[in-house]
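FYI, my numbering numbers position 146 of the sequence shown as 146, with every residue one higher than the one before it.
Derived from the structure by calculation, the hints contain no laboratory data.
Every residue gets a Cβ at the ideal spot worked out from N, C-alpha and C, and that includes glycine.
Worth double-checking, as some hints may not be accurate.
[What the hints assert, rightly or not] For each label pair, taking beta carbons as the anchor points, the in silico distance ranges come out as:
1) 108 x 57: 36 to 44 Å
2) 93 x 11: 18 to 26 Å
3) 47 x 108: 18 to 26 Å
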Amino acid sequence: MNRLHVPVSLRWSDLDAYQHVNNVEMFRLLEDARITAFWRHPEAEDPWPTAILDTGPHATSHTLVAGQQIEYLRPLQFSRDPVRVEMWIGSLGGASLEVCYEVHDGAPGGFARTGPPSGAEPYTRAVTTIVVIDAASGSPRRITPEERAVFEEFSGDPIEFRRRR
1 MNRLHVPVSL RWSDLDAYQH VNNVEMFRLL EDARITAFWR HPEAEDPWPT AILDTGPHAT
61 SHTLVAGQQI EYLRPLQFSR DPVRVEMWIG SLGGASLEVC YEVHDGAPGG FARTGPPSGA
121 EPYTRAVTTI VVIDAASGSP RRITPEERAV FEEFSGDPIE FRRRR
């Protein structure tokens, strides 16, 4: 299975009184990774292979979060090296996709943008269900064959949480 490996920098303000990343801030880290990986950035010199969704006020489609689940496995301490958010598609529906995440340590000097799972114990596992919406009507729109082909390259087994939903 091929995963996206997205670097996300931590901020001092992400830490709580116990000096680890706050649970709410973890959702922000995942959002940052998702925006980097899936939203088209016209100014990017080396775009992500999955950055196929237009953004901004003139985009014809929007993405909405329909649901999220997260499981914290161990505290994440501050590091100057960006953490590695491994991402893949756990399920691909007609108008929705399930984005799966694992948060891992980064590496000094960086790491490859795509590759196999690291195999290390993650700090966090999470899933976000995204619905693609037609901007004009506000209704869900089908994922195009072109989008589906890109997403399928990074599809894998959905996350099985230790606790029930």
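Here is how each hint holds up against the structure:
With their beta carbons about 39 Å apart, residue 108 and residue 57 fall inside the hinted range of 36 to 44 Å. Restraint check, residue 93 to residue 11: a C-beta distance of roughly 34 Å breaks the suggested window 18 to 26 Å. With their beta carbons about 25 Å apart, residue 47 and residue 108 fall inside the hinted range of 18 to 26 Å.
The structure shown violates just one earlier hint, number 2.
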